[in-house]
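Trainee: Protein chains in written order, with my numbering: chain A, 362 to 678; chain B, 112 to 304; chain C, 14 to 195; chain D, 1433 to 2016.
Since the hints were made in silico from the structure, they are not lab data. Please note that the accuracy of each hint is not assured.
[Stated by the list, open to error] List time: in silico SDA-like cross-link candidates among lysine to any residue, alpha-carbon distance up to 20 angstroms: (1) 294/B x 137/C; (2) 104/C x 279/B; (3) 290/B x 151/C; (4) 290/B x 129/C; (5) 139/B x 424/A; (6) 183/B x 104/C; (7) 1535/D x 1467/D; (8) 280/B x 97/C; (9) 1788/D x 1906/D; (10) 183/B x 1737/D; (11) 30/C x 178/B; (12) 19/C x 642/A; (13) 1754/D x 35/C; (14) 19/C x 1606/D; (15) 246/B x 1606/D; (16) 290/B x 137/C; (17) 282/B x 82/C; (18) 290/B x 100/C; (19) 290/B x 24/C.
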Amino acid sequence: MSPLEMPTASWIVLAVVQALLMLFLAPLATGFSRVIRAKMHSRQGPGVLQDYRDIAKLLRRQSVAPANAGMIFWMTPWVLVVTMLLIGMALPTVTQVSPFPISGDLITDIYLLAIFRFFFALAGIDSNSMFAGIGSSRELTLGILVEPILILAIVVVALVVGTTDLGYISHALANNSWHRPLTIILAGIVCAFALFIEMGKLPFDSAEAEQELQEGPVTEYSGSALAMVKLGLGLKQLVVVQLFLAIFIPWGKASSLTAGALISATIILLVKLFIVFLIAGLIENSMARVRFTKIHRTIFPAFLVAVLALIFLILGW
Amino acid sequence: MKGIKQLVGTAHTQTVPVVLPPNSQKLKDALLKEIRRSAYVYRVDCGGCNACEIEIFAATTPIFDTERFGIKIVASPRHADILLYTGSVTRAMRAPALRAYEAAPDPKIVISYGACGCDGGIFHDLYCVWGGTDKIVPVDVYIPGCPPTPAATIYGFAVALGLLDQKLKSKQHQPEAQKAQLKHTNIPLDIKV
Amino acid sequence: MFKLIKTVFNTGSVTTKYPFAPMSVSEDFRGKPELDAAQCLSCGACTRACPANALIMETDEKAGTRRWELSTARCIFCGRCEEVCPTHAIKLTQNFELAVTNKADLYEHAVFSLADCSQCQRPFVAQKLLEYVLDTLAQSGVPAAQLSERRKQLQTCPACRRANNMLDSDNISHLRFIKEQQ
Amino acid sequence: MTNNTSEQFHSQPQAGRIGKNYVDGVNHFFPSAIIDEEWQTENQVTITVKMTSLVEVMKWLYYDQGGWLTVSFGNDERSLNGHFAVYHVLSMEGEVKSFVTVKILVDAQSQEFISITPTIPAAVWGEREVRDMYGLRPVGLPDERRLVLPDDWPEDLHPLRKDAMDYRQRPQPTTETETYQFDNQLGNDSNRIVPVGPLHITSDEPGHFRLFVDGEDIVDADYRMFYVHRGMEKLAETRMGYHEVAQLTDRVCGICGFTHSVGYSNTIENALSVDVPFRAKMIRTVLLEVERLHSHLLNIGLSSHFVGFDTGFMQFFRVREKTMELAELLTGARKTYGMNLIGGVRRDFLKEQRVKGIAMVREVRQKFSELVEVLLATPNINSRTQGIGILSKQVARDYSPVGPLIRASGFKRDVRIVHGQSLEAYGSVPIELQSMEDGDVYSRVMVRVREVFESLNVIEYGLDHLPAGAILTESFDYKPNKFALGFTEAPRGENIHWSMTGDNQKLFRWRCRAATYANWPTLRYMLRGNTVADAPLIIGSLDPCYSCTDRVTIVDTKKQRSKTVPYKAIEQYSIDRKHSPFKL
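Given only the sequences and the hints, what does the whole structure look like? Please build it.
Mentor: In structure tokens:
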């Protein structure tokens, strides 16, 4: 169907179900990375469902906030979750075609991620605790470093395929041959690197570091607001990984809405997610953090590689 | 004889602890049911010799690993369900300790950790110490020990969360039963010192 | 990085099964002190040796009792009381699971009765302490005659004894030592 | 040194009299300076000096004779000789290794004494503490602030005076908020710096830092310690007998408690010249090394945590648990060993304890060496630790810090080797001094790593060659008003104890100076020139005895605004090194 007119009812249902499923699976993803960390520390570690228990408990706790926390402080948890759900609805995770294209082609996804980051930082500053202020400034600077790489990589792929609609891109990359292999591979590597940082994983751990690191802007939240923010962060990790999978590893997706195809596609998707989170966990736990001055040195070459991909695109390789 | 029960009677040696709202006990029991499998602990150091902090640290390390019970040490009182007070409250640390108590969301469980926390330990009657956490905040669970071993810490958390019931009961001995036996009665006299 | 993964891999999970399996503690671990009330003479040696005032002894002349109290809250588990106790009444167990919800459970009490002086009927020593001294004297081979005289002397309080020594000169016991030294 | 002064001193006849040349030197250069000379042990002498010549004598002993100022403290001797007294203890580490204590008598009415801080900066904290505790005013001491007593302590009450107050009296708090003023030595003092930032509710703050910064680099740093001051010295004089103080000193610091306990017992044993049986000395040496083991493992774990390598932190703590088990096996408790009495030890090492102990030591050595390779092979560890927080030799010489901190700056200062003969059984134990040259965070960590291997060897040797014999001697009697020094090498450096026996079966005065007490003043110079991102790493490398110094206030001298930043935030900032927290 052409991306402009309203999709049929069944597609909308799939999109909503897909987004809610992702929201439901987010604590599983963060719980899984906590288990990997525990195993790397050679200790028994919590169960995979620990994050569910944490969020369930936090939802029922009293939400205390600093006296002079502004309106943004209270609004941010909802903004975080909603933006991620919007991206989730548009992602062609299990179907070849994006189930709800209106809410998210490439450009809107990048901007939704930017809104997520902007509100997250704003909440930190608005809760005017020094602590959260640092986390926000950290988040924004990370944004400046990472976003150009992400945009460049995805735009390169969009130019290769000729459209910015996620569904078409993953369909094109899955079925017909890659007539510009080198560009896509380079863009894939750079996009993986950028999304690894976006996931907030060590060694580029940023504001929403999870264990006893100060959790940046999340410091001032408590009770149900904290639960929403944790959900938002977990959902962001899941959505970001699926954005990468949808574009660069699109194989094994259902072509039509039949139950059998959907189920097989979901299983393949879960296996892919498992592998990606396992690798991310291993990398995260065996590196010391990169120094501030070194941050430029490590992230900037990724930007150069992205430019290289653009050049290969122009040259047509 | 060191039998002086309360040491110096004058009022100025005591601080007055924070008073609990009336229905707080009901709230706490409700809280206990919720945080049974996922408790966030915040450590408040009121001026101890930091042996207790190291033992709490040791409780989170691979060998004793409190995270397997869902107990996680968080970095801000905002997130905390359980406040873990160590150290006999020194004068300089009383104000920050009270600030931490107010910052934690209600209802909260307060655990007093180590001999210094429970009743002031070896510094209980010093001029620069208020002696024990229950002098400044209402305490729910006491974990004695100097310092309590990580196993005792885990046991303390289990008692706090209601997973295990406490073993120690106050005891009233009945000494009048019989006379004290002499020791080593069968040793011949001359070699007995 | 791979060396780390190799080390982590062959160490596996080292977490103990503690709350679900008993914790093995070294055999002379210093846990909670335990009083064997039968053996205790309420002599107060442990209260003097305790650095943290966890052991307290209060004598109440009017009621003729002496109250012993152990505060596990303040106890620092150093084991000095076990060392100074003459009859090994108080010993440190290996019990470290001492967390309690109400503070009263951390305190142990024992009440001992005091012995009255045979002359002025005022309590002056712990009953069991007096009996223990007399048993030791008996066990250490003091002849019966001297023992009964010793018993009479020991059952009078020091004030009465001073008065007795001042008044009846023939019963002054120190003569005995002078004779033996010649 | 021509020795023309006649030998009429009334001190006990000492065989060796090590350090006699220093006393003769002082007599030679400052003829009428020494009023009285008294020998406590063969290498400890106390010279009472006139107030007027104090500074020259100290300067000569400190700078010309290679002395290091270890501790300065006061004593209320009005009941003994009608005066207050201030002692400055010097550990002479020139060609003759001994201890010289310079004592001056302070008049009870004027209550003023000449401060030596302008010439020897190391005495700054000692003299500030004397002013807090005794109310004696040091003339010429630049720093007027209160060091030890909390802010809500009444102005005129000086706890350690004999007649001041009962040790249980607790005066009503005078203020509810903190009133400590921070000074900025290097920044321009014209702008008054007001802490604007909201008071973050981190509760445990055993130490409060204030970094004066210019953009990213630290211009100067000031800090407020002693939030955990409990007043132990008053307790030791009033309620406790000699043996109970041995238990109290076990709880001076949660990590190196046993070194304090051994230090204290040595003071009484030296004062009353008690000869401790050799088996007890070897047991004490083994346990001192066990404590160094777990403390160094703790610090190496923390350093890898500050670098952001949490897996390493957890792995080091896993190995550390084995050392705690070793301690529990040998002494019955994981942390507070409580083994010391005056005259020896109260618990023996049985055969199977020693066998199991040696097996544990070997296991720890194997695991530890494995982990050290992993730590050094972790990417960007070196870049994070080399070249930061350098302690220059000149600052080290002035402020006489101790322990791995100074050994990493090239100075060969380790009590176990320098004064090894008179310290427990270190004379007959294979040990050699570890030191590195460039004095940055990396070399401190490496010195600690090597010292762990050193300790493992000593423990294994000690458990193997435990000499036979008694473990406690009680054949001595307490003589009043005898005093002496006791010193041990704690994991963080040299602990110095000084105590004087009283006349009522209680101590007259007990002074304890923990190692970190000497290291804190140098921190200001180590922080200078580094970025604030490195601050927690540098503070961590100093291995502060207080578990966490918790709050840092960033003061931007240019914009005249400051922000109180909780330590954890700085710690995280240093860990992942992004955007410094100066968005004022």
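Trainee: Decide, hint by hint, whether the structure agrees.
Mentor: Hint by hint, here is what the structure shows:
For the given pair, residue 294/B sits about 25 angstroms from residue 137/C by alpha-carbon distance, which is inconsistent with the 20 angstroms threshold. This hinted pair checks out: residue 104/C and residue 279/B have alpha carbons roughly 16 angstroms apart, not beyond 20 angstroms. A threshold of 20 angstroms between alpha carbons decides the hint, and for residue 290/B with residue 151/C the separation of about 14 angstroms falls inside it, so the pair holds. The straight-line distance between the Cα atoms of residue 290/B and residue 129/C is roughly 17 angstroms, inside the 20 angstroms bound, and the hint therefore holds.
For the suggested pair residue 139/B and residue 424/A, the alpha carbons sit about 16 angstroms apart, so the restraint of at most 20 angstroms is met. Our distance criterion of 20 angstroms between C-alpha atoms is broken by residue 183/B and residue 104/C, whose separation comes to about 36 angstroms. Between the alpha carbons of residue 1535/D and residue 1467/D the distance comes to roughly 10 angstroms, so the proposed pair stays at or under 20 angstroms and holds. For the hint pairing residue 280/B with residue 97/C, the CA-to-CA distance comes to about 26 angstroms; that exceeds 20 angstroms, so the pair is violated.
Among the hinted pairs, residue 1788/D with residue 1906/D is inconsistent with the structure: their alpha-carbon atoms are about 30 angstroms apart, more than 20 angstroms. Only pairs whose Cα atoms come within 20 angstroms are accepted, and residue 183/B paired with residue 1737/D is accepted, the gap being roughly 17 angstroms. The straight-line distance between the Cα atoms of residue 30/C and residue 178/B is roughly 13 angstroms, inside the 20 angstroms bound, and the hint therefore holds. For the hint linking residue 19/C to residue 642/A, the alpha-carbon distance of about 15 angstroms falls within 20 angstroms, and the restraint holds.
Taking the CA atoms of residue 1754/D and residue 35/C, the gap is near 19 angstroms; set against the 20 angstroms cutoff, the hint holds. Distance check on the hinted pair: residue 19/C and residue 1606/D sit about 59 angstroms apart at the alpha-carbon level, beyond 20 angstroms; violated. Note on residue 246/B and residue 1606/D: the hinted pairing holds, with a Cα-Cα distance of about 18 angstroms set against a maximum of 20 angstroms. For the proposed pair residue 290/B and residue 137/C, the alpha carbon gap of about 18 angstroms is at most 20 angstroms, so the pair holds.
Of the pairs offered as hints, the one joining residue 282/B and residue 82/C holds, with about 10 angstroms between alpha carbons and a cut-off of 20 angstroms not exceeded. Taking the CA atoms of residue 290/B and residue 100/C, the gap is about 12 angstroms. The hint holds against a cut of 20 angstroms. Under the criterion of a C-alpha separation no larger than 20 angstroms, the hint pairing residue 290/B with residue 24/C is inconsistent with the structure, at around 56 angstroms.
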